[in-house]
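Chains as they are written, first to last, in the numbering used here: chain A, 2 to 392; chain B, 2 to 392; chain C, 2 to 392; chain D, 2 to 392.
Think of the hints as simulated: they come from the structure by calculation, not from any bench. Please note that the accuracy of each hint is not assured.
Identical copies go unnamed one by one, so any copy, or any two together, can satisfy a pair.
[What the hints assert, rightly or not] Simulated crosslink set (EDC-like; lysine to aspartate or glutamate; CA at most 20 Å straight-line):
#1 199 <-> 316
#2 62 <-> 217
#3 193 <-> 383
#4 255 <-> 167
#5 386 <-> 204
#6 39 <-> 97
#7 199 <-> 165
#8 255 <-> 165
#9 39 <-> 376
#10 310 <-> 267
#11 188 <-> 383
Given the structure is predicted, the values throughout are model-derived calculations rather than measurements.
Number of protein chains: 4
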Amino acid sequence: MPGNSLGKMFRITTFGESHGPMIGVIVDGVPAGLYISKEDIEFELSFRRPGKQFVSGRREKDEPEIVSGVYNGRTTGAPLTIIIRNNDVISSLYEEVKHKPRPGHADLPYIMKYGYENWDYRGGGRSSARETASRVAASAIAKKLLMLTDTVIGAHLKSLGPVELDEDVSFREIFCSKYSPVRASKKWLEEKYEELIKQATVEGDSWGGVAEVIADNVPIGLGEPVFDKLKSDLAKALLSIPAVVGFEYGLGFKASKMKGSEANDEIVIKDNGKLGWRYNKAGGILGGLSNGEKLVLRCAFKPTSSIRKPQKTVDLRTSEESTIRVIGRHDPAVAIRGVSVAEAMVALVLVDHALRSGYIPPVKLSEDQARIIEEKWRRYVEECKPMQESQ
Amino acid sequence: MPGNSLGKMFRITTFGESHGPMIGVIVDGVPAGLYISKEDIEFELSFRRPGKQFVSGRREKDEPEIVSGVYNGRTTGAPLTIIIRNNDVISSLYEEVKHKPRPGHADLPYIMKYGYENWDYRGGGRSSARETASRVAASAIAKKLLMLTDTVIGAHLKSLGPVELDEDVSFREIFCSKYSPVRASKKWLEEKYEELIKQATVEGDSWGGVAEVIADNVPIGLGEPVFDKLKSDLAKALLSIPAVVGFEYGLGFKASKMKGSEANDEIVIKDNGKLGWRYNKAGGILGGLSNGEKLVLRCAFKPTSSIRKPQKTVDLRTSEESTIRVIGRHDPAVAIRGVSVAEAMVALVLVDHALRSGYIPPVKLSEDQARIIEEKWRRYVEECKPMQESQ
Amino acid sequence: MPGNSLGKMFRITTFGESHGPMIGVIVDGVPAGLYISKEDIEFELSFRRPGKQFVSGRREKDEPEIVSGVYNGRTTGAPLTIIIRNNDVISSLYEEVKHKPRPGHADLPYIMKYGYENWDYRGGGRSSARETASRVAASAIAKKLLMLTDTVIGAHLKSLGPVELDEDVSFREIFCSKYSPVRASKKWLEEKYEELIKQATVEGDSWGGVAEVIADNVPIGLGEPVFDKLKSDLAKALLSIPAVVGFEYGLGFKASKMKGSEANDEIVIKDNGKLGWRYNKAGGILGGLSNGEKLVLRCAFKPTSSIRKPQKTVDLRTSEESTIRVIGRHDPAVAIRGVSVAEAMVALVLVDHALRSGYIPPVKLSEDQARIIEEKWRRYVEECKPMQESQ
Amino acid sequence: MPGNSLGKMFRITTFGESHGPMIGVIVDGVPAGLYISKEDIEFELSFRRPGKQFVSGRREKDEPEIVSGVYNGRTTGAPLTIIIRNNDVISSLYEEVKHKPRPGHADLPYIMKYGYENWDYRGGGRSSARETASRVAASAIAKKLLMLTDTVIGAHLKSLGPVELDEDVSFREIFCSKYSPVRASKKWLEEKYEELIKQATVEGDSWGGVAEVIADNVPIGLGEPVFDKLKSDLAKALLSIPAVVGFEYGLGFKASKMKGSEANDEIVIKDNGKLGWRYNKAGGILGGLSNGEKLVLRCAFKPTSSIRKPQKTVDLRTSEESTIRVIGRHDPAVAIRGVSVAEAMVALVLVDHALRSGYIPPVKLSEDQARIIEEKWRRYVEECKPMQESQ
């Protein structure tokens, strides 16, 4: 049954396998009039791109092509399709995988579900994290539209393996973690993370981590009770990322250890005269609705399943127990690149709900709106460019 | 925009407010031929019912009425509607709430979204946990259908405030937590939980907790990549429960602290000759698909927001800061009753995906299937009855 | 699989069988702040009510109860549920039907699909036209919301059996067919229709007919290419009415006999300075989008299947050919009451698309909007009341 | 808001504009294991291809590429994507259109909805019938899957302008209309149609027509009451085709002129001992469900809007009335190629409902099923090949 679409008013449908000719995404529901260019999408993809230090060695240029929905540089209201060709594909690295499902991977469940004879094992096929590039590509459009409500999203790697950020961090620092090749929001943290990564690489092992995403200026009242609450849709979107095994927002699991008098927040009049909450303990969501405070959520990534260390598995040809050393080209910690994917998923959910709640016009932008979005986007890109180069 | 429906092939739509004439649910997608009675639904509701020791004092009989979709004791394929009248309603307890939004509650976000003038504040209106009775009612049908695949769901309160179960626990013990008024799976734990509850009641405070849900005999391959993965739909469903602020499955957040060589599981040949995983570290879901191992997931409940202790809020009449002591009748730990709601949500997601994957016939049950389900259900009820009475 | 919901932003889910305790509808997606009363719904239902001259003798009071989603006379944003109890039920009239499926009815297909043992034959069960009362009830809310765009819908019986209106008719005349017990838009036509009906009643037979629906002031640009075009969603909605076997808009089937130079319309500057079409040959829809001209569509109703004349069928007990004379209480021409149902379906589709295109705020109405709607609605009711009484 | 997807279990999402780099379709919900090749898709496309006698002069090779979802010649369960590059594009023919919206076309409504500045006027942009090639491509997969239930679909041009088939026609003759370049099911009809077309071409005019689609061996019980009835979903699908302005099934509009005793069918025991209907007056659908008889439906195509004859329009630069002679390369009767598109839409709806009703396994085909489908498909292609060549 279909499962490759997400969103009700801003709806993405992704397609493509790791070692097929291309991956891509159809974005349906983009209002007409938005300026959008290949460069806008490339820009967002640049923060996810493999082939950098500390991540997988696969050298994909990730060059997006917009093949529908845009005319003369602006969206037309028709479905917007982006394709990204797969260039740097070495399927031969996966020959062993064909017979020996990799522990921690989707290999065996896919075989169980779809049949061994129908399994595209090359590079993980459809279950490969390569698919997430489509999501990040689509998120460029989401982020541009969110300029209309001044919503900006920052994300960083809050913990990597045993190392966790345990001091205060500003939205600015989180946002600027784009500067860091390991998405650390503090310099000292970056060093510690890099050390862990190097050590794991040497050992042929990997680390898990926690990505934290913050969104500023989230429109008030996003979320539709009782099942399409903002927290529900965010949880679904984040759990749809490969390797994500947990989600929490606000106090999250810590709240389960607390008393009501600790976990409840105080309702106050803010300096701007508006009602709000003193400490934002709820992470910006109360009653399932955005409440005007910063959105704060985290998701747990398990360690990269592909490791060089030998692991026990079964040889499907002989049905005998065997071992495998996964050789492909893999991230020592998927959580690092996962940060930008988590950020993308939050953008996709927020823009969907901003449309659902009427904050963004569903059919077309006015000329003013289109222009303002473009100006804000230019400033955003300018601001982020040094970060892009630093990585 | 609509948000009150969940599921694609087994689709529930709930309605009703805490202090309206009734709450209810339409279940669309139930195959014809299933035996279903008011008693079946009442049975499941009995484990959630307020008015017991350690939970809210509201005395609702929770008497469900099936008003459509069943003829001569069997489903007809038409939408099945269950209504539950609200009887024990004391709206006067909420007069103060009308002007003083309760910290930690949906009050203020609902006002922000829908307008103060349209806010049904009585008993929390639509945001009340009362709505979850509709879900539990619907879950009786889900659980009966899941008898076809021998899928059984157990759930317990894994931690309450600072007290956490830190020893091995069997599926049987978890299942039998229905015996416990605080949903503890061990006797010593029950005592500790009860103590905490009593103390909180005295203090006019509340506690958070973690519910763990285990499902045995989950059909293999449930979940639809890449967005309707089983983990995604479970996360969405569980986060849609009021007061749930976190979700994890398998190793969950702990995996984020681990190395790949620790977090990966071993693929082995089981005693029955089938492929499987040695330790079920993945909690029954790999690649987003159920893998034949037990489903293991947890969700974090924040402490009950309604506490008698005075809390800071704002009086909407004067726009001045004020305090409120929430007096209604509330659970000292929503997590306790939350256990049965979490269990219900898991049942609803599993049956939806079992239908999506073809494990349950979409249109009608054969006579054999209907009879087998009924027999298994009778055994299940007999088994659980002593638990019901012990509470 | 679920099939009892319609609409994406204004979503109705109906439930209930002809001889069950009640029928009803959940309307999800109604913005908060709309004034709505039981009387508003009763008013719309009055034009569909059976128990009048020329239609079925079943005496249903059709008294709607709003059981959720409204507080203090205004919608809250929560799902709005309306129930209508079934009172005048005589199931004994259906004893013969149990074994002899009625020609032209859903009896045998329902038995084939859901199983004989699960078939609620009483009054046609779920397939009864009784279900359409839920749709008309929901359409009251749709029509009120459409007051915001001044959209008004008129409908009449364009033909009954061999008699067809073949002269010009104004929107006003069509709208005022509510005065007529047979939904005729001209006095001479009314007489002819009544004669036909009387004759059919005497013969124990029935007639088919064509309902025409016109909507004035339809917002421009409704419809979402390429599958949710306005014409597509209208066709689906109208074909979902029992006994409807055909749909056309604008020139409809006549266009298939024409040349392009005849069927094309002229694009002109209207007196108000706006672009438009000279003759509205397209019936208000071009490219699948509403184009600002009046919406004009028709649907064909087959004759009432329930007739007293003996018809050939098979006795399911003996598997031998047999005959049946259907005795229940039935309309001699379902098309008559079908007019109000067709009108309701058009309202439901238009309001859904008006929401999708941003003409109606998705979350809540402003105080001004709520007031203006109410004023216009009052005028509409006042205008229609004499029509109600005349029937 | 998204509108480019159709179907619940077999879900197509199309993208692409007439003069963009490519058009295409994602098919989500295809079970794994189906053999599928580029040739299969090309085969179906061949019956729709422009560039033949009597249809548009645009010479598109319509060469489909499968870029995802297939591995080693079989579907994998991942979304299957087909792209078709646009090669023979002459946008210069549309320069006049840019300022003079064409009567009968989507031009002006698209401008009204999405804004003049966002309008891709080249070749009709998204509203071009070119998009229907994506649907026909997807229908190849649908038709293959329907081999499992032996469902075969035939379609022919029942009338063209004033000429209508008024004698009996067999399913075989209808099916073999693929032989005819004008989709006529009788030789004498073919000649009359060709004459009409030639005359229209000379005059610079066009004709409307009616396509009739018949499906044999439709599984029993397809359709989900009360809104996703088979007739409703068919109506929606057919009305989504550009230029379709009417739909009917069975007796259709003729039933509206009849008495119940004429329109009702007789329920009988068929020669095979099964229950059925004597005359199939209902066209295979009763109560909204397929009833085991042949599906019979028709849709009305208006005449091609693009004609060389001068027509009145408005010049958008001057806002003055003007005339246009549409020069591009167009079919003299869209209904001719419309036959294959109507056939495709019926296949798409039937396969969706066959999956919804459990006739086709939702996740994967067994080896036997895959093989049987392939064998039947080969026979079907062999049978149709001479027809392909004759055109």
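Outcome of the hint check:
1. In this assembly of identical chains, residue 199 and residue 316 lie within 20 Å of each other by CA distance neither inside one copy nor across copies; the values are 31 Å within and 56 Å between.
2. Taking CA atoms no more than 20 Å apart as the test, residue 62 paired with residue 217 passes in neither setting, with 31 Å inside one copy and 45 Å between copies.
3. Proximity of residue 193 and residue 383 under a CA criterion of 20 Å is satisfied in neither setting, with 29 Å inside one chain copy and 57 Å between copies.
4. Proximity of residue 255 to residue 167 under the C-alpha cut-off of 20 Å is found in both arrangements, the shortest distances being 14 Å within a copy and 17 Å between copies.
5. Taking the shortest alpha-carbon separations for residue 386 and residue 204, neither the intra-copy value of 34 Å nor the inter-copy value of 54 Å comes in at or below 20 Å.
6. In the homo-oligomer, the alpha carbons of residue 39 and residue 97 never lie at most 20 Å apart, since the shortest distance is 37 Å inside one protomer and 29 Å across protomers.
7. Within a single copy, residue 199 and residue 165 get their C-alpha atoms as close as 17 Å, which meets the 20 Å cut-off; across copies the closest is 36 Å, which misses it.
8. For a Cα distance limit of 20 Å, the shortest separation of residue 255 from residue 165 qualifies both inside one copy, at 15 Å, and across copies, at 13 Å.
9. Within a single copy, residue 39 and residue 376 get their C-alpha atoms as close as 17 Å, which meets the 20 Å cut-off; across copies the closest is 45 Å, which misses it.
10. For a Cα distance limit of 20 Å, the shortest separation of residue 310 from residue 267 across copies, 13 Å, qualifies, whereas the shortest one inside one copy, 51 Å, does not.
11. Proximity of residue 188 and residue 383 under a CA criterion of 20 Å is satisfied in neither setting, with 22 Å inside one chain copy and 62 Å between copies.
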